[in-house]
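Take a look at the letters that make up each chain.
6 protein chains.
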Amino acid sequence: MSKVVTFGEVMMRLSPPENRRVRQSHQLEIFFGGTELNVASSLANFEMQVEQVSVVSNDFIGESAIAAMRHLGVGVAAVTKVDYPLGLYFLENGAGMRPSQISYNRLNAAFANIDPESINWVEILDGCTYLHWTGITPGISESAYKTLKDGLEIAQNKEITVTTDPSYRSNLWKYGKNGQEVLAELTGFSNIFIGGANEINEILKTDFENNPDGFIEASKELIVTFPSIKKVFNKVRTSFSASWQKIYGQAWTGTEYITTDELEISNVIDRIGTGDAFAAGIIYGLEHYDSQKTLEFANASCALKHTILGDNSLVCLEEILDVMQGSRNGRIKR
Amino acid sequence: MSKVVTFGEVMMRLSPPENRRVRQSHQLEIFFGGTELNVASSLANFEMQVEQVSVVSNDFIGESAIAAMRHLGVGVAAVTKVDYPLGLYFLENGAGMRPSQISYNRLNAAFANIDPESINWVEILDGCTYLHWTGITPGISESAYKTLKDGLEIAQNKEITVTTDPSYRSNLWKYGKNGQEVLAELTGFSNIFIGGANEINEILKTDFENNPDGFIEASKELIVTFPSIKKVFNKVRTSFSASWQKIYGQAWTGTEYITTDELEISNVIDRIGTGDAFAAGIIYGLEHYDSQKTLEFANASCALKHTILGDNSLVCLEEILDVMQGSRNGRIKR
Amino acid sequence: MSKVVTFGEVMMRLSPPENRRVRQSHQLEIFFGGTELNVASSLANFEMQVEQVSVVSNDFIGESAIAAMRHLGVGVAAVTKVDYPLGLYFLENGAGMRPSQISYNRLNAAFANIDPESINWVEILDGCTYLHWTGITPGISESAYKTLKDGLEIAQNKEITVTTDPSYRSNLWKYGKNGQEVLAELTGFSNIFIGGANEINEILKTDFENNPDGFIEASKELIVTFPSIKKVFNKVRTSFSASWQKIYGQAWTGTEYITTDELEISNVIDRIGTGDAFAAGIIYGLEHYDSQKTLEFANASCALKHTILGDNSLVCLEEILDVMQGSRNGRIKR
Amino acid sequence: MSKVVTFGEVMMRLSPPENRRVRQSHQLEIFFGGTELNVASSLANFEMQVEQVSVVSNDFIGESAIAAMRHLGVGVAAVTKVDYPLGLYFLENGAGMRPSQISYNRLNAAFANIDPESINWVEILDGCTYLHWTGITPGISESAYKTLKDGLEIAQNKEITVTTDPSYRSNLWKYGKNGQEVLAELTGFSNIFIGGANEINEILKTDFENNPDGFIEASKELIVTFPSIKKVFNKVRTSFSASWQKIYGQAWTGTEYITTDELEISNVIDRIGTGDAFAAGIIYGLEHYDSQKTLEFANASCALKHTILGDNSLVCLEEILDVMQGSRNGRIKR
Amino acid sequence: MSKVVTFGEVMMRLSPPENRRVRQSHQLEIFFGGTELNVASSLANFEMQVEQVSVVSNDFIGESAIAAMRHLGVGVAAVTKVDYPLGLYFLENGAGMRPSQISYNRLNAAFANIDPESINWVEILDGCTYLHWTGITPGISESAYKTLKDGLEIAQNKEITVTTDPSYRSNLWKYGKNGQEVLAELTGFSNIFIGGANEINEILKTDFENNPDGFIEASKELIVTFPSIKKVFNKVRTSFSASWQKIYGQAWTGTEYITTDELEISNVIDRIGTGDAFAAGIIYGLEHYDSQKTLEFANASCALKHTILGDNSLVCLEEILDVMQGSRNGRIKR
Amino acid sequence: MSKVVTFGEVMMRLSPPENRRVRQSHQLEIFFGGTELNVASSLANFEMQVEQVSVVSNDFIGESAIAAMRHLGVGVAAVTKVDYPLGLYFLENGAGMRPSQISYNRLNAAFANIDPESINWVEILDGCTYLHWTGITPGISESAYKTLKDGLEIAQNKEITVTTDPSYRSNLWKYGKNGQEVLAELTGFSNIFIGGANEINEILKTDFENNPDGFIEASKELIVTFPSIKKVFNKVRTSFSASWQKIYGQAWTGTEYITTDELEISNVIDRIGTGDAFAAGIIYGLEHYDSQKTLEFANASCALKHTILGDNSLVCLEEILDVMQGSRNGRIKR
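Chains as they are written, first to last, in the UniProt record's numbering: chain A, 1 to 334; chain Y, 1 to 334; chain W, 1 to 334; chain L, 1 to 334; chain G, 1 to 334; chain U, 1 to 334.
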């Protein structure tokens, strides 16, 4: 069985029940997420072997994070502990035209204080087929960036397929590095790019349009610039409101442009982690399908995540295959 | 006042709050349902006298089931207890394109172990005007089948109107009998058939199409085969997703085909028991209205059930009448 | 900073969680509302100084009401206590075609027993720019009516801008006065009328049609009858169901008819207090904007309230401005 | 089977979860109680037939109250509806040295507005063996007093055993009657007195001491004054704190003084309704036991109620018998 | 690191929140337990490697059980699935003199239908140091008994230390075997006996008294009868009420009788699984301590479990060591 | 009315419901506390005017903190915002011999980043009678220390009474200053010392014993060293377990040693903030009572806080006075 390794911060998400604002709530619901863990947990649901490299707090919160990872089926052998609090974020779930709001508490947290020396990448990547990283990690702290770069170098040597979802977040990158430069550098170690014209523009400092032609041109330019990149997969989202979305997949396979059906979610349960469910679908597809089916699988995975509360997509293979095969009317299964 | 008797299993439904999966929930919400109890409780809401014949566990769970029936206004004088656990089912509420899922624990439960000798049908049916049964009951166990057949024979002798919702469930019928044959046999004791072309095809082993013409032809054939059947009522559902449905009623009155307006529910609260709310509407209508108004009442009852959490339809007469009269915009009533 | 004074009853709202009926709930969620407090709390969110004149029960429930007002940022210096229970109401939240239902317990409560002598209007209105009243207050009891009239007279003398949302509620007015006459009398003390053709018809005993032309004609007639009225603002609601609404604003500025975009809410979280959010938007706009922008602000405020649980609109200025500027797709804000 | 009739107000109790104060809670838990319903529901648990005469609000809250009564197994045939809100009370659960606090909203509620003419006592008391009343009812309103007196007169004629728990509550009796006089008058219609020296002193305007001798003397004096009274039963409570109580029973049988073991509850779950559980135990005992066993049964019933959340004692016969027989160590029953 | 293997049923426990009865609750809290899993999860908390052999349902409930085991840190490689529902039990938490009550639904569940051929004991026990079994397992079904016996034979061959907590439960043993005979047979494969005079009497059909001398004599007799048994460890419980308990340990080491301090728990949070926490303490002690310290560790583990909600003891090593070293006053740790 | 100013961090406390561990909870309950806010909120309950100087995060969490302060009745005019997350802590509530555990996330939070220049002490302390500080604040960060020292100097000039609860916390003081030296320096600005021999030993580097004589000697030495100190008040706690405590007050008035009754809490609801309730009682007493009554008031305030969930003591004057006057048996107040 192929092994996937993800590297990233595990965060505690705290959100008031239903659509309450924090001001009007006495309770917060706990979810453990983080973009890479979301990918990892989806892969575990798809019955792939997956392990996450991370750092948590050395207290009962860190213990809870590790237990949550085990619950999700994600390997924790490479999770270490430090004497800093676990990163966390507060989420107020939006509705209709009111957007969800997030407030982070992560920049001095456990993961940001990772010691690159503490991670034995050679051992961790032993037997690994895929390594997944995102643009969040190198934006957190210099040591997170260094640790990631170490891992990517070793992955390159081991000929591991590196997948990346390198989106730039402006509320990170407080430690001095230039986000665009770092993301460009690290993209150079990667093989599968998950993103669209916007993400490519951020990295290449280009301004391709956000439409099919723009995506094709941007993808070609990306592959010219970073020849390690073989394929580009992207989801295209139409938002009517925080509660109503449409989604389809597009990809440049290196030789052709492919797309999927558009899937509609008229009552979003949770928007967080939908992009990660797409990324996980791509990785699963790389291992099992051709590009067209990979894209369809990822799109269905992404769409179904909108119906699941929390950061992690607790959707199983069979549910995705049903949607891929056209079963979308939600009839009760007994 | 007319008295209705229903016969069937009372089950505990356990479902995680909101749209959570069981895996991500520490709590389950309790509802007591079962298709016949759902019909009975609607009739009690409609202020008809109704009593359910059933068997529950001889423990504090069975006591809770009986208290729940009383709460709903359903008579419990004919509920007995045995030393088997109460049947139950787990429900994960779907959303959007993700279907609801049900897992049953009923086949060795209290109701399946009913002793046909323990039910005094003659006494129970004394003064009864309607007896309602569904295709679930005879599929549970041989003794459930036998008890039902005993009741139907006595009802026939007493000239009680027998209504039936005889849908075939493939996850039942484990005890050796052939579902199609049994349902055909028991339909022969019935007067009002609640179902459409699909249900008729199951019983007659025919293949009428699932459209108005098919429904008319199937109904005619059903009545030819089982002359005790006088009328056929059916609801026609269009599912856009687990959360978005449309519903209208169709009926063959023996002489003509009638239909209702289509009602739309764009944010389903609970799909379970909507068919039972339709059946209850039919029984109420048989007692109070002509066929056209009966069908409209049942359709409104069914549509409103989609807005109620749980298995039972806690909708009162006035609310149904309002919807029948065109009040569907949900304005606040003060 | 301009100071706004509101006068009205503070009520405890008790509603079962989610869409449950009271019959099927063991818990009720507490919100403190009342139409004038809803206006006041919105204004506090908009960072205006606002104080509510009210009377609460002299027990731990009254204490809770006062603490809730403070929490909302509404001044409580003019809240007194009497030995009657706090008014309250039960709400069953509707869904789809099932309307929300309200049952009141207020007519012998603390506010109804207000002593007009106990309110020192001269002091309270000192430094006040706006006084807001609604048609609820004079319908509760004779002493509430008298207290309000006292306040309006003093406001008139002080040249305070009086805003009113004078809708007639048929379940009030039990104490002997004629609602239409009283509302007409008190409208004569007011400067800004928040309502449409229906509300004007109630007061003038006219029958203008509920369309743009009717609104314009009604507004003109209102201003002729009550020359103190300078402008008329109204929201126009289209209800598809309890869960799906559209809303736009219309106004007669004294010289022209203006309107706004229509905003759509396809999954209403809470319908209560949406009119109050509109009224608060008008008051905020009077202080900061011209009539067109005032109407747009009020309409966005009203639309956003549909996404907030409870009676009070916990929407901040920035969120309204975003919607006014066209940002309505609910993208996550990090 | 003997039938018991109780007469009294059904109230909604609203209390914050656990030991929270209302100020710090967004939720209230619903229980339906009232001293007479508490007695009735205990008797239903003891498998006696019991019916309560009452009046509820004509809305969804009144419907909920009726459903709750049915759930408890109490007959509702003699419950009527009026257009006043249901009485309710708020409870803040105490702990340790902090007392529980109650705030009532009942004096203008449905039951207070009972119409004596609307109650057909002759029919209701047909076949009745016991009629139970408490000192709360005649303190609520003049019409409640009159209705009760009507019932007692008819009960006297029918030679029904009348039991009473006539404690005086100073926060009632606002309608003009003198509580002491009324209680004395109505005690004259009663046969079993449930109370001690304090309660007797209230009625006789005496000052017997609150100790065994005082109880015996008071009981003798009571029986001399009201020869209809045959026996006096009382529970003696020692409160260490809101959470820690001891309880034993004492009685004057007309000829001798008897007592029970003292039972200790070191972690009270709910104090409300414990006296009612004692009263119910007495009524059950009158029907089934001699005075000594009656007193022991009532004391065990009372002690066990301290372990049950809410107003109603959901304790079954077997649990009381176990405690009577000395099983008090709380071993798990599988 | 030593590996422990446990074998037994994983059950879903469903209990109403706080001290509610099921009748008065709309919600049940989910815990996954079962005596052997409770032992296993404690050992995982103590940082031992532990794996449970079990069978779960082939549905989303079985998946939830497996995820819960992973969360607890218990290995699931030897958990298989069958098409029967997961065993479950309902618990009503007692308080004071009211006992907790349990109702089981397990005898036709997944584990009872285990196929002995499906368990590869040779592979599972590879590298295993301890195998733990209890008297529950062979009482469930014949196939459970056979599977256990297979495992014990192989463990004997591999010289694995077999620990047993062989208590007899009268509500099991419905499949035809004699409980006493089976327990005696299987005790013959075991090395460490966790139980006291009562448990020994059940197996040997003796009647040693339940006091220190009786324990010593019984232990000697047990070892004479089953020479494989080397030591006997027992906890001695004094129950004042369901909420107040005292506990101490006693052991016969083969050569001497040893005991521990008595620990008092005046407000029990959860009684379930306290014996399992004792057994886990013994196994941990066997690996790390002498008999005296083993007994003290197990006693502290048992006492601390009374403060943890649910079946599993979420107590870590450090907390037990603190209690062993005399820190029992519960001062806050910051 | 005397005005009190407190200065300190406002923290969000997150604790799982009941006695759950975080690992086994999906929800956390929110309380806003911090030792100084706890004092301030008690004083507001005692109807004193109180304002807290603090810094919160510039996001919806900071807004929630401010709203919570207003809810408590604490003035927020001197609360500012910075772009750092709000400090928070996780609490696992202990029970019995299992201690509560706290994990902090505060050292890089908003308050730690206070800018001393941003606080206008002269204005804030205008009209102030008491300034309260604790040993937490100067341990958080250098800027917190500096800001406090600025305030104390100005208070000294204004002859404001400075009260202090200067306990040393070893998990603070990470920024380079020596805790003992700083606390000694700041004690020199203070007039009322709330602490016992342990706290004095920490400051004076002495080793007085923790008994009445030791307290007297330590107090005398403290006053000799810091002549600004006039009186020393202390609470003496005996912990049987996390759930069972006894408490009494001792004081050195400068001339005599006084004590109070010992109050017992056999079922602690919440231990957090009990010392703060004592401190608040002292401040209230200083304003209203002599030293003996001050100590009794503070001791009763402290004891009652053990019965209140959360950090803040929601106890009102009347409840404390009742306990002072000997009413400790927790009888229901209607």
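If you're looking for bench data, these hints aren't it; they were derived computationally from the structure.
A few of these clues could be false.
Copies of the same chain are indistinguishable here, so a pair counts whether it falls within one copy or spans any two.
Unchecked claim - Simulated pairs of lysine-lysine, DSBU-like, Cα-Cα distance not exceeding 30 angstroms:
#1 Lys230 - Lys81
#2 Lys333 - Lys149
#3 Lys246 - Lys149
#4 Lys333 - Lys205
#5 Lys220 - Lys81
#6 Lys174 - Lys333
Just so we're clear, the structure is a prediction, and the values are computed from it rather than from any experiment.
Hints versus structure:
In this homomeric assembly, lysine 230 and lysine 81 never come within 30 angstroms of each other (Cα to Cα): the closest approach is 36 angstroms inside a single copy and 41 angstroms across copies. Proximity of lysine 333 to lysine 149 under the C-alpha cut-off of 30 angstroms is restricted to the inter-copy arrangement: shortest distance 29 angstroms between copies versus 46 angstroms within a copy. Within a single copy, lysine 246 and lysine 149 get their C-alpha atoms no closer than 35 angstroms, and across copies no closer than 51 angstroms, so neither meets the 30 angstroms cut-off. Proximity of lysine 333 and lysine 205 under a CA criterion of 30 angstroms is satisfied inter-copy only: 24 angstroms between copies versus 49 angstroms inside one chain copy.
Taking the shortest Cα distances, lysine 220 and lysine 81 never come within 30 angstroms of each other, neither inside one copy (42 angstroms) nor across copies (47 angstroms). In this assembly of identical chains, the alpha carbons of lysine 174 and lysine 333 lie at most 30 angstroms apart only when taken from different copies (18 angstroms versus 49 angstroms within one copy).
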